[in-house]
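K.L.:
Everything in the sequence shown is counted per full-length UniProt numbering, starting at 1 for the first residue and increasing by one.
To be clear, the hints were calculated from the coordinates, so they are not data collected in a lab.
Careful: at least some of the hints might be erroneous.
For lysine to aspartate or glutamate, the following EDC-like pairs were computed, each having C-alpha atoms within a straight-line distance of at most 20 Å [what the hints assert, rightly or not]: (1) Lys149 to Glu138; (2) Lys136 to Glu86; (3) Lys147 to Asp98; (4) Lys141 to Glu86; (5) Lys141 to Asp64; (6) Lys82 to Glu50; (7) Lys82 to Asp64; (8) Lys141 to Asp78; (9) Lys149 to Asp98; (10) Lys74 to Glu138; (11) Lys74 to Asp64.
Here are the in silico distance ranges between beta carbons for each label pair [as the list claims (entries may be wrong)]: (12) Phe96 to Lys69: 37 to 47 Å; (13) His120 to Gln54: 16 to 26 Å; (14) Pro130 to Leu21: 21 to 31 Å; (15) Lys18 to Gln132: 37 to 47 Å; (16) Ile173 to Pro71: 46 to 56 Å.
Using N, Cα and C, we set each Cβ at its ideal position, and we do this for glycine too.
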Amino acid sequence: MNPTYLKSNLLIGLKSKKNQLLIILLVLFIIFSLFIVEKQKIGDGAKSWENYGQSLQANANYFDSEMLKRPTYKSTYDNLNKQSQELASLQNSQVFVDPVQYLTSYRNLLNTMQAGYHNHYAGAKTLNVPSQFFIKQELNKTDYLIKHKIPIFMNNESSATYLIYILSVLGTIIFFYLSFISSDSWIINLRHQSILKNIPYRFKDEVFGKIIINSTL
């Protein structure tokens, strides 16, 4: 790799007004994301489970003695009570910052949620229960974390929470961002012949150099 060629192309790429604008937009997006995470309390498990606990309680209170005589409704009622117990254990693990107990309680809660779908949560019409697809995804993730003993962060103040949110959003736009960044990198030779014409390089150097430059940008 010719370092002079690489340096020249990198400087040209950095001086591009389009690339400068895209870099500024990316920085602003990251800063804006930090404010969103903080304002919306993304990753704050205590807040989200408090809301679900209220939904559980409201739906459990809806069942009366006549409804509980029906096996389908009784099954839902028992499931809601079991979820409340698992949720209490989950919240205790958050209070005492116990990651191992948190994952165990979370898995038990997810399994109980999934079991509630067997009778379609009959009688719990307003329960804010996650979808079966979401529950299955979370179960797979939780099982993996438990099996491999991977530590977790239990608050939204850690940098991991910000990073996870930013990467999850960037994942949906990264293709378009990279496309804009690299869209003109292969015509630098035509626009800047006066700079690059006296620098000897091979084609494989050019390909490798473009990859490095676009990765840097």
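K.L.:
Of the hints given before, which are not true for this structure?
P.N.:
Failing hints, ascending: 5, 8, 10 and 14.
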